[in-house]
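If you're matching them up, the sequences are chains A and B in order. For what it's worth, my numbering labels the leading residue of the first sequence as 1, then goes sequentially. For what it's worth, my numbering labels the leading residue of the second sequence as 352, then goes sequentially.
Incorrect hints may appear among the rest.
Stated by the list, open to error - Label pairs and their calculated CB-CB ranges: (1) B:Glu619 with A:Gly350: 19 to 29 angstroms; (2) B:Glu525 with A:Gly98: 56 to 66 angstroms; (3) A:Gln100 with B:Arg521: 16 to 26 angstroms; (4) A:Ser205 with B:Glu697: 54 to 64 angstroms; (5) B:Asp534 with A:Thr139: 25 to 35 angstroms; (6) A:Ile279 with B:Pro383: 49 to 59 angstroms; (7) B:Arg521 with A:Gly350: 33 to 43 angstroms.
Unchecked claim - BS3-like, lysine-lysine: derived pairs with alpha carbons at most 27 angstroms apart: (8) B:Lys622 with A:Lys158; (9) B:Lys622 with A:Lys330; (10) A:Lys330 with B:Lys439; (11) B:Lys506 with A:Lys158.
Unchecked claim - Stretch by stretch, here's where chain A covers chain B in the computed footprint (C-beta under 8 angstroms, at least three residues): (12) 441 to 452; (13) 484 to 497; (14) 529 to 539; (15) 680 to 686.
These are computed hints drawn from the structure, not numbers from a lab. It should be emphasised that the depicted structure is a prediction, and the values quoted were computed from it without experimental measurement. We put the CB at the ideal spot given by N, CA and C, even for glycine.
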Amino acid sequence: MPTKTPAAKKSAASSADHYKKIGAPKLLKIHELMVRARLLEERLIKMSKGGDGFFWIGGPGEEAFNVPLGLQIKKGHGVNFDFLHLHYRSAAIVMSMGAQPIDALRQMRSVATDPYSKGRNFVNHYAIPELNVVPVSPTIETQYSTAIGTGIAQARAKTDAVTVVNGGDAGTAEGDFHSCLVWANRPALPLPILIVVVNNGWGISTAAKTQHGEHQISDWAKVFPDMPGKTINGNDVVESWLALEEAFAYVRKQRKPYLLEVRASRLYGHSSSSGANRIPEADCIALLEDDLVKRGYLKVDGVKKVWEREAVALDEAHKKVKAEPFPAVKTVWEDVFADGLPPSYPTKGGS
Amino acid sequence: MANMAQAIRMALHYGEQNLGVTEIFGEDVGPPLGGVFTATQGLEKAWNAPLDERGIIGAALGLAWAGGRPVAEIQFVDYIFNVIDMLKLAANGHWSSGGRYKTPMVVMTPTGSGIHGSMYHSHSFDSIASKLHGMKVVCPSTPIDAYGLMLAAIKSDDPVLFLKPKALLRSKGEELIPGEPADEKLLHEMIDAPLGDRTKWKAKWPKLIDYTVEIGKAKISHPGTDGTIVTHGRMAPVCLEVARRFQKEGKGSLEVIDLRSIIPYDWEAIKASVKKTGRVVFVNEETEITNFAEHLIRRLVDECFYEMKVRPRLLAGKATPGIALSPNLEYFLQPQTKDVERVVAELLADPA
Chain A
1 MPTKTPAAKK SAASSADHYK KIGAPKLLKI HELMVRARLL EERLIKMSKG GDGFFWIGGP
61 GEEAFNVPLG LQIKKGHGVN FDFLHLHYRS AAIVMSMGAQ PIDALRQMRS VATDPYSKGR
121 NFVNHYAIPE LNVVPVSPTI ETQYSTAIGT GIAQARAKTD AVTVVNGGDA GTAEGDFHSC
181 LVWANRPALP LPILIVVVNN GWGISTAAKT QHGEHQISDW AKVFPDMPGK TINGNDVVES
241 WLALEEAFAY VRKQRKPYLL EVRASRLYGH SSSSGANRIP EADCIALLED DLVKRGYLKV
301 DGVKKVWERE AVALDEAHKK VKAEPFPAVK TVWEDVFADG LPPSYPTKGG S
Chain B
352 MANMAQAIRM ALHYGEQNLG VTEIFGEDVG PPLGGVFTAT QGLEKAWNAP LDERGIIGAA
412 LGLAWAGGRP VAEIQFVDYI FNVIDMLKLA ANGHWSSGGR YKTPMVVMTP TGSGIHGSMY
472 HSHSFDSIAS KLHGMKVVCP STPIDAYGLM LAAIKSDDPV LFLKPKALLR SKGEELIPGE
532 PADEKLLHEM IDAPLGDRTK WKAKWPKLID YTVEIGKAKI SHPGTDGTIV THGRMAPVCL
592 EVARRFQKEG KGSLEVIDLR SIIPYDWEAI KASVKKTGRV VFVNEETEIT NFAEHLIRRL
652 VDECFYEMKV RPRLLAGKAT PGIALSPNLE YFLQPQTKDV ERVVAELLAD PA
């Protein structure tokens, strides 16, 4: 079980009685998914450090926002369902949509059964067509440019489905972020895109405050009259849930964009590159558990049981993955082209 | 006869009517201009994008992932350098997702020199494009091939970079496009937008017919037995002209292979011709350092060393930072007819 830090603070939204509106069953489900995602990320870190995989990058600390986001997605395949353009801190989102931890373990170990990349890509790089999760790329911020395309497709269609794009604060310096803002607000065709920026205050080791003069990232919305902008406390489940309800309602109905800045903790640093060690920032799961226990939605013992249950399931999944084979070398020639490799394509790597 | 710009326009019209193309977009692609080279005039699905190349390619990628078959334009290939990582995403998306996401999108862009385009309207991109593994790259040299390759590109489930040799966009071919009226004045009246106010103008399209040039198949535009010229794009008609002249003047029988596709390339056609002639020169507009043809030469050395009578040659652009504007400088930097004649004469004269 996580512990709270002195920096942990509850927001106004938490103290208001929105808990009842969301309801105990949903809050308990959110808690369970948050725990699942956290344990997964911590297991991935251990795998990375223990030689059971290579580089780790992920999003522990963002569960209070990412789980509600995943649960409010209109899930499915095609333009009549929400599209997701995610980055590598999105495990809690896809877990909340029904993805299984075992598949992330497979991608970390880069075994043949990795359903997202066949052992070719880093962990947390999802590609799930049945859920409209388009391929996650290690390139920073390019998802904000590709979101334009699914946004156009959904703007043309008669649907309430929307496009969701998610990334970090440092990446907003890239042109792709501003491409997304401009294209989503074209008078010729406004786009139904929920533009999310999770602001953890860091770009790897560089503090955001040393690079960004804007007061809030959501202030970029101010120059576009039809795009609301909002900054929320993403360590607070209730505030996140309510903000997402409001943002989704606007985008689905108005068919116009919404810019949502989410302040959240980064609990294990940027990635393996920064050591992936625990950092004393506010822990959203501890905050939620505190509230759930205080309100009588869950007992302390019940909290413990959730962690134990999820840990056992993860252990079993990990054990299974360890017995799975690595991909055969010949598979590298699969999927180069959709219609197969031409017979005379060079495959020797030189003379 | 239709010119290449008209041929591309007709292919796009066929695509939007019959092949599920729902978005044709780029800078100045929609009305009133219809493209800086007029290749998108009169199209129902053509529209103007913001002046943002990254957004254009990103939009195409998203549209393709959403189940569409978009055709996006980068106004000049010289402007494509700031979207190379987006093109890489398009190229590697199928592979990196373990085959789960196909990317059926076409990116078309005018390439090469020949219009006095100076530093940023004369670049070639062929060699860099050939490094975007997973992307198909085509470059026609005639209107009929432009039509057939565009239809193939639209039908492909892979991303296709369609390089339009800008110096050839006004050139006419020797074959009618299937469905094209024989009277070119009539075609002009039907599909070329008028000067001045175009707000009420609509194209009257001929009844076009499906015609596909298979991606990866070269064309032997001139058969020969004494030497092989492997070329594409703007240099293809130049090489054809030289081959015909050499034939007529009894200077030698040259086989001209118009690659049409750079990736995948028609290795079997190249190999068969070189095995027959024993002499080969590669001619293209790209600069000579790390020229795409150097890969083909290395492969020939590996696989056909003993069939080659003389060393393989390359005629390419000079490796300067750009193409200069002054005509004498541009003509020096890029292969011209006289350069092709010289290198071919040397190829044929080289003692075996």
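Hints, verified against the model:
Between B:Glu619 and A:Gly350, the C-beta spacing of about 20 angstroms keeps the proposed range 19 to 29 angstroms intact. Judged by the Cβ atoms, the range 56 to 66 angstroms given for B:Glu525 and A:Gly98 holds: they are separated by roughly 58 angstroms. Taking the beta carbon of each, A:Gln100 and B:Arg521 are about 57 angstroms apart, not inside 16 to 26 angstroms as hinted. Between A:Ser205 and B:Glu697, the C-beta spacing of about 58 angstroms keeps the proposed range 54 to 64 angstroms intact.
Look at B:Asp534 against A:Thr139: about 51 angstroms separates their beta carbons, and that is not inside 25 to 35 angstroms. For the hinted restraint 49 to 59 angstroms between A:Ile279 and B:Pro383, the CB-CB distance of approximately 57 angstroms keeps it satisfied. At about 42 angstroms, the beta-carbon gap between B:Arg521 and A:Gly350 stays in the expected band of 33 to 43 angstroms. About 53 angstroms separates the Cα atoms of B:Lys622 and A:Lys158, which puts this hinted pair outside 27 angstroms; it is violated.
A C-alpha spacing of about 26 angstroms is found between B:Lys622 and A:Lys330, which places the hinted pair at or below 27 angstroms, so the restraint holds. About 22 angstroms separates the Cα atoms of A:Lys330 and B:Lys439, which keeps this hinted pair within 27 angstroms; it holds. Between B:Lys506 and A:Lys158, the direct Cα distance comes to roughly 26 angstroms. Compliance with the 27 angstroms bound is thereby established for this hinted pair. A stretch counts as covered by a chain when three or more of its residues have a beta carbon under 8 angstroms from one of that chain; for the region 441 to 452 of chain B and chain A the count is 9, and the coverage holds.
For the region 484 to 497 of chain B, the stated coverage by chain A holds: 3 residues have a C-beta nearer than 8 angstroms to a C-beta of that chain, and at least 3 were required. Check result for the region 529 to 539 of chain B against chain A: violated, 0 residues qualifying (beta carbon to beta carbon below 8 angstroms, three or more required). Only residues whose beta carbon comes within less than 8 angstroms of a beta carbon in chain A count, and the region 680 to 686 of chain B has 0; fewer than three means the coverage is violated.
Hint violations for this structure: numbers 3, 5, 8, 14, 15, all remaining hints satisfied.
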